[in-house]
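Number of protein chains: 2
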Amino acid sequence: MEYQEGEEERRRQSDGIDIESEGMGGGGEVSTMQGRKVIEGRTSSFWEYERGGDHGGYGGGGESTNHIHLLKEPLLETRSGVNTSSQTAIVGANVSPIESLDYEIIENELFKQDWRSRTKVEIFQYVFLKWTLALLIGLCTGLVGFFNNLAVENIAGFKLLLTSKLLLKHRYFLAFAAFAGCNLVLAICAAVLCAFFAPAAAGSGIPEVKAYLNGVDAHSILAPSTLFVKIFGSIFGVAAGFVVGKEGPMVHTGACIANLLGQGGSRKYHLTWKWLRYFKNDRDRRDLITCGAAAGVAAAFRAPVGGVLFALEEAASWWRNALLWRTFFTTAVVAVVLRALMVFCGSGKCGLFGKGGLIMFDVSSAIPAYNTPDILAVILIGVLGGIFGSLYNYLVDKVLRTYSIINERGPGFKILLVISISLLTSCCSYGLPWFAKCSPCPTGIAEDCPAAGLAGIYRSFQCGPEQYNDLASLFLNTNDDAIRNLFSSKNTHEFHLSSLLIFFAAVYCLGIITYGIAVPSGLFIPVILAGASYGRLVGRLVELVLGASSGLSVGLFSLLGAASFLGGTMRMTVSLCVILLELTNDLLMLPLMMLVLLISKTVADSFNAGVYDQIVKMKGLPFLEAHSEPYMRQLVAGDVCSGPLISFSGFEKVGNILHALKFTRHNGFPVIDEPPIADAPELCGLVLRSHLLVLLKGKNFSKHSVSTGLEILKRFHAFDFAKPGLGKGLKVEDLEITEEEMEMYVDLHPITNVSPYIVVETMSLAKAALLFRELGLRHLCVVPKKPGRPPIVGILTRHDFMHEHVLGLYPHLIVAHKWPGK
Amino acid sequence: MEYQEGEEERRRQSDGIDIESEGMGGGGEVSTMQGRKVIEGRTSSFWEYERGGDHGGYGGGGESTNHIHLLKEPLLETRSGVNTSSQTAIVGANVSPIESLDYEIIENELFKQDWRSRTKVEIFQYVFLKWTLALLIGLCTGLVGFFNNLAVENIAGFKLLLTSKLLLKHRYFLAFAAFAGCNLVLAICAAVLCAFFAPAAAGSGIPEVKAYLNGVDAHSILAPSTLFVKIFGSIFGVAAGFVVGKEGPMVHTGACIANLLGQGGSRKYHLTWKWLRYFKNDRDRRDLITCGAAAGVAAAFRAPVGGVLFALEEAASWWRNALLWRTFFTTAVVAVVLRALMVFCGSGKCGLFGKGGLIMFDVSSAIPAYNTPDILAVILIGVLGGIFGSLYNYLVDKVLRTYSIINERGPGFKILLVISISLLTSCCSYGLPWFAKCSPCPTGIAEDCPAAGLAGIYRSFQCGPEQYNDLASLFLNTNDDAIRNLFSSKNTHEFHLSSLLIFFAAVYCLGIITYGIAVPSGLFIPVILAGASYGRLVGRLVELVLGASSGLSVGLFSLLGAASFLGGTMRMTVSLCVILLELTNDLLMLPLMMLVLLISKTVADSFNAGVYDQIVKMKGLPFLEAHSEPYMRQLVAGDVCSGPLISFSGFEKVGNILHALKFTRHNGFPVIDEPPIADAPELCGLVLRSHLLVLLKGKNFSKHSVSTGLEILKRFHAFDFAKPGLGKGLKVEDLEITEEEMEMYVDLHPITNVSPYIVVETMSLAKAALLFRELGLRHLCVVPKKPGRPPIVGILTRHDFMHEHVLGLYPHLIVAHKWPGK
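As you go down the protein sequences, you meet chains A and B in turn.
With my numbering, the residue at position 621 of the first sequence is 621, and numbering never jumps.
With my numbering, the residue at position 645 of the second sequence is 645, and numbering never jumps.
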């Protein structure tokens with residue numbers, strides 16, 4: 001094992017930047033964040049090392065005898081939160097370990113042996129399983145999605161029925177008590193599940209899935225417990241009348257199901273299948289989880305094509321056409337499952353579950369005919385959507401930061417927060433309709449009007465028979481029915497201007513303060529609700545100004561409002577477009593919808609980032625952007641390699657390896673063959689921590705540094721080194737190495753990846769980042785430009801590309817101009 | 001300049017494969033195809049070189065004086081056709097030069113200087129232009145698409161009207177003469193344009209666009225002349241009654257428009273804008289052309305979302321989310337333009353152009369209700385689509401190969417071929433309806449029935465008043481109207497079983513023999529026509545078996561038939577699904593459509609590749625697949641590096657450079673700094689041929705090998721090295737170097753890309769291919785594993801990853817198992 005020095009000095013010289021004099025921006029971060037400045041101090045105080053060779057600036061001779069004696073502060077390659085010093089409130093970042101995923105093909109001897117011996121049967125098995133898993137993911141997600149829908153409609157329906165009955169008897173306080181009580185009980189159920197069983201299940205889940213698909217695995221984010229809580233927490237949360245959706249949670253649920261199936265079940269719950277070992281690697285898991293995310297959207301919105309596009313546009317960071325097809329298959333299965341179940345429920349066997357078809361909010365009855373004033377109004381809606389959307393994101397961010405302080409105090413506080421939001425929501429939902437006047441049921445919508453206060457989608461509330469309260473029809477309804485009401489074009493004057501304004505304000509604010517509480521909560525439905533209400537409002541105003549002869553109906557304005565607000569918060573385009581089309585079945589609205597989405601996204605993008613990106617960043621998940629920042633062009637790869645490099649010899653002492661594993665958290669170590677094995681020090685490759693642990697557990701040691709490769713190849717199979725789920729693999733503590741064994745040698749060659757991707761140290765950081773991101777790497781070896789130097793300069797990992805890290809090292813670059821050409 | 005030897009020997013030793021004894025499969029191919037075996041012979045017979053240094057196996061000392069004296073047979077890096085020996089009939093491959101595109105960021109001194117000096121204004125300019133260009137592409141493509149539509153409807157409408165009038169007067173032979181004559185004249189117009197002005201405009205154009213977006217630029221494929229011929233050729237071709245579509249040509253047209261706009265016009269026609277210099281690189285051009293392809297589909301099918309997805313799924317090989325948004329913007333513009341023009345034409349100002357809205361084939365009036373027998377029938381349609389589709393591809397391939405032999409004989413033969421196919425088509429269209437019986441116009445479709453033989457979409461042909469000939473209604477109509485008839489569910493018995501069968505057989509065969517003639521010809525419409533007819537046939541049969549009470553209407557069966565046949569030939573899924581949805585506006589068909597597409601693609605994939613992939617392969621375009629073949633795991637990068645490596649010193653003699661440029665067709669040369677400039681031979685980077693030409697043209701030479709870098713940096717600007725369009729850059733012949741200058745030196749450092757991507761020679765070819773493909777490289781440097789050897793082993797280019805090249809070198813790998821896990 002060696003420790004390379006002189007690297008730091010070289011870098012400073014080569015770049016002409018005097019780091020010492022620049023001062024390091026922001027404190028408070030441990031480990032490599034402070035990076036460069038600390039290292040020199042550390043070299044003398046924490047590290048002791050000896051030189052075996054005489055290669056100036058490069059330790060280690062033929063038989064390396066160097067090892068680390070003491071390393072108090074481990075260098076975290078996988079750090080628990082990358083954040084700037086100004087961002088102190090990190091939601092959950094301080095509790096959950098984060099691990100990078102590795103999509104590189106580890107070409108070591110074992111892999112090659114496995115590849116050569118792979119039979120046609122095994123290959124067929126793999127392909128068959130791949131498609132079977134896609135089928136199963138679609139099936140399970142479809143079932144769960146339908147169950148979710150069914151449960152919500154029945155629970156919420158029962159609650160609303162009870163309230164309506166009491167209202168009809170004019171027992172207003174009792175009605176409120178029943179309403180708020182039901183909400184509270186359901187909310188507490190959801191919160192208890194979330195707070196005690198799976199804290200990771202709170203929130204939307206889309207940011208976490210997005211981060212996972214970008215290569216960041218956070219602890220228990222896809223665990224079975226999270227799945228369970230996500231399903232039931234979401235049902236309780238939505239049924240509790242919160243302004244939350246079930247769409248985000250469904251995406252997370254789909255991803256969890258995919259992960260569970262792909263992992264060969266859960267070892268903890270003794271649900272494993274051995275023949276799923278092929279999928280025990282990050283690449284195949286990523287594919288499965290992409291399918292799962294798509295299936296989730298497909299199940300939530302009954303939008304199979306929208307699901308595929310959502311996975312493609314928002315969730316996934318890597319994409320191939322072969323995956324497109326598999327995802328398409330998965331969502332097709334979801335669509336078939338949903339349709340079959342709906343046909344089954346159409347005959348009234350599912351309690352209060354409606355007769356709804358595959359189109360959730362059908363507006364195709366309204367024919368879009370529009371002219372110039374309409375288009376101007378639509379542009380206004382787009383701009384409004386952009387402004388409201390970016391403001392929404394800003395406020396959600398602020399609220400989340402505040403909540404995280406409360407939530408961190410413990411599960412009790414989490415539940416208290418949920419209780420208060422639940423009571424507030426109940427008060428709003430029950431209290432605000434009192435401000436609305438009663439309207440007589442128009443003749444056109446007679447069948448929807450509450451004949452006896454129970455049926456129909458309009459609520460009578462305090463009003464008499466043949467009358468309805470328009471605000472109550474929005475508030476005291478399920479979210480889906482409220483959206484249906486808003487999108488409806490049957491009667492233009494269904495909702496008063498004031499009611500729409502009140503509803504918009506209430507939903508906008510409730511949506512902001514609800515996201516972040518310990519309940520699974522999607523963002524789609526609140527956003528659609530708020531957008532639809534101001535869209536309808538604009539439509540009504542246009543009608544007032546231009547007269548009733550205006551082209552577009554208010555329902556379609558409402559739809560465009562929803563589209564614009566979605567575009568303003570989520571910043572998706574194609575997938576939203578298709579999802580909305582599949583939700584509403586009105587293809588003729590497509591040009592207007594595209595226009596609105598483009599405008600709102602453009603406007604909102606000039607203020608801040610999309611809501612999911614914001615949450616990813618705030619959670620401290622090290623997300624790799626597709627484009628590199630301009631300042632990265634001014635740095636070279638060698639500039640950001642952090643920490644002293646710990647490398648092994650081809651035949652390394654067990655003690656040295658153990659020491660390195662114990663006292664660092666590096667996940668990849670370069671292996672360097674030195675004389676007499678090689679003529680000159682030569683980069684043999686890279687070994688992974690997980691592989692080292694398995695190898696050491698196997699105890700194939702020898703007294704001298706001789707090749708035992710063949711023996712190892714015989715004893716181990718590539719599957720022994722398959723990647724377990726996060727937190728499930730071997731740990732250093734699991735190893736039992738005797739003092740005697742510590743002095744023995746182990747042959748690392750069979751597990752060394754002989755062809756890691758390499759870049760020259762003079763490559764610009766931007767170019768290296770492109771390579772790193774495009775190939776989904778975990779380690780990128782930086783080699784020296786000039787021959788004669790040590791064969792490896794450093795290893796770049798994900799966090800070396802993070803802005804916080806780079807700008808921490810080179811704070812003068814913060815002012816560098818931004819190159820917007822993504 | 002140096003020539004590295006010993007490489008070949010090393011490779012054979014390292015791999016343990018005796019190439020000599022294996023025999024080289026197939027002959028007849030020049031250049032690197034035969035690769036390894038030839039090189040040794042060539043080394044002594046074609047090449048003469050002298051050694052300047054004493055580095056065993058590595059030529060060149062401090063001041064390299066070596067140069068090539070004679071190199072008769074240049075080694076083509078960009079070869080004119082990669083094909084196996086069995087494929088001799090290469091369409092056009094032997095005439096058009098092919099160039100690889102390079103998406104790598106060339107980090108040389110000039111680039112860095114340019115980057116540092118880039119102002120915020122310039123950055124804004126770039127972003128502004130990017131979006132303006134997207135807007136312009138959308139605008140132009142929308143206009144062209146509409147113009148195309150308008151022209152076809154008017155020309156074809158006039159022709160059909162004339163025929164109908166003559167038929168009404170029972171002057172049958174004259175009617176045929178008029179019909180066939182019109183067709184012939186139009187066909188000859190199209191053929192003359194194609195044969196004499198732009199041979200590249202023949203065919204669909206989608207394969208070429210696909211290849212371009214994969215990084216292969218074929219000569220004049222996106223030239224202005226091609227654009228012109230594509231537009232008018234397509235109009236004439238479609239109007240001439242050929243069984244061809246305008247969709248493929250529209251994609252090509254969109255790409256041409258994008259290329260023209262992005263190139264800053266055409267230098268040939270003196271249409272250039274200086275401020276478009278930012279887009280003079282392959283990356284930006286690729287993005288523009290992706291937008292153009294999407295706009296083409298959007299304009300052809302009036303399907304904006306489908307266009308984006310088509311570009312994503314079928315056309316593009318590299319994709320980023322930022323591009324998704326820009327493409328979406330472009331297609332939104334197309335949609336807006338089309339809608340505005342259609343509103344304009346709705347008032348009858350456009351001659352025979354119909355009142356059609358944005359939905360081309362609206363079937364939303366038919367409500368899909370289906371049960372188990374229907375689903376079984378749908379599965380049958382899917383399987384049939386797969387079988388017919390793969391057979392179609394197979395036959396198209398065979399016919400194309402035959403035609404290419406004819407077409408290669410000259411423009412005259414091309415036109416003759418077009419004439420014969422035109423006559424055949426006319427005979428079929430006019431002759432086959434005689435086999436059909438006259439049917440009385442049913443009451444339901446009275447308005448479509450020919451009142452006076454002129455109006456309506458049903459044709460009376462030889463029949464009396466209030467009667468129609470069902471076959472003539474399909475044959476003697478525009479393709480669009482024929483599809484509309486087939487998709488119609490108004491009357492189940494409109495078309496007889498026998499008529500449908502005849503029409504299917506005729507269209508299927510005509511479609512096969514028409515593609516490949518010298519006329520712009522899309523594949524979508526023939527495939528939809530054939531698919532719709534057998535779909536309707538199956539629907540009628542289902543109805544016969546199950547009785548009229550069956551759920552799905554024949555129109556919807558017809559739609560599913562079209563979907564299945566499209567899936568079977570083109571093998572797209574999501575984009576076809578969305579395109580069909582946008583064409584027909586029936587969202588409730590989505591689950592069935594997905595099912596049919598999945599089945600037909602699966603069935604067809606087990607026989608052969610998609611039709612566009614086949615054509616790309618047949619045209620000899622070196623297409624890089626997204627996945628690597630299994631045998632690539634058994635080779636390492638060093639195994640396939642072809643040809644002797646020609647490298648330059650940092651300060652190189654002008655004569656040497658000129659010689660290398662003249663006698664090789666390499667496009668990248670490694671630059672190696674040697675003592676006394678460096679301590680040991682050191683890979684400085686890579687220079688490109690085009691950059692060398694510009695540098696030599698500038699004549700910044702010096703008498704001795706000293707650094708003139710600063711001077712060069714002052715004299716040149718990065719834009720001087722911007723990449724011109726194919727065939728427009730400097731050529732070696734343009735240089736005028738005197739004998740004296742030949743002996744002078746030039747400093748290559750300012751134009752040397754100091755950080756080319758590198759891989760170690762021991763990396764498996766599969767892994768290197770992944771890197772090459774994901775980053776869109778043109779050159780990939782292979783460096784030695786062990787220090788002390790020459791700093792570069794070879795350069796991998798696109799053709800080194802082609803199956804034909806690799807399997808030519810290692811024929812024993814052909815039998816290696818296929819790993820289907822893409």
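Possibly wrong hints are sitting among the right ones.
Pairs involving identical chains hold if they fit within one copy or between any two copies, as the list cannot separate such chains.
[As the list claims (entries may be wrong)] Taking lysine-lysine and the DSSO-like style, the derived pairs with C-alpha atoms no more than 30 Å apart in a straight line are:
#1 280 x 112
#2 703 x 349
#3 786 x 165
#4 786 x 703
#5 697 x 490
#6 437 x 786
#7 280 x 703
#8 280 x 662
Source of the hints: derived by calculation from the structure; they are not laboratory data.
Verification of the supplied hints:
Taking the closest pair of Cα atoms, residue 280 and residue 112 come within 30 Å of each other only inside a single copy of the chain (17 Å); across copies the shortest separation is 43 Å, beyond that limit. Proximity of residue 703 and residue 349 under a CA criterion of 30 Å is satisfied in neither setting, with 73 Å inside one chain copy and 94 Å between copies. When the C-alpha separation of residue 786 and residue 165 is checked against a cutoff of 30 Å, the pair qualifies neither within a copy, at 84 Å, nor between copies, at 84 Å. Only between protomers do residue 786 and residue 703 lie at most 30 Å apart by alpha-carbon distance; the minimum there is 28 Å, versus 36 Å within a single protomer.
Taking the closest pair of Cα atoms, residue 697 and residue 490 never come within 30 Å of each other, the shortest separation being 71 Å inside a single copy and 74 Å across copies. With identical chains, the CA atoms of residue 437 and residue 786 are never at most 30 Å apart, being 82 Å at best within one copy and 85 Å at best between copies. In this assembly of identical chains, residue 280 and residue 703 lie within 30 Å of each other by CA distance neither inside one copy nor across copies; the values are 34 Å within and 63 Å between. For a Cα distance limit of 30 Å, the shortest separation of residue 280 from residue 662 inside one copy, 25 Å, qualifies, whereas the shortest one across copies, 53 Å, does not.
Hints 2, 3, 5, 6, 7 from the list above are not met by this structure, while the remaining hints are.
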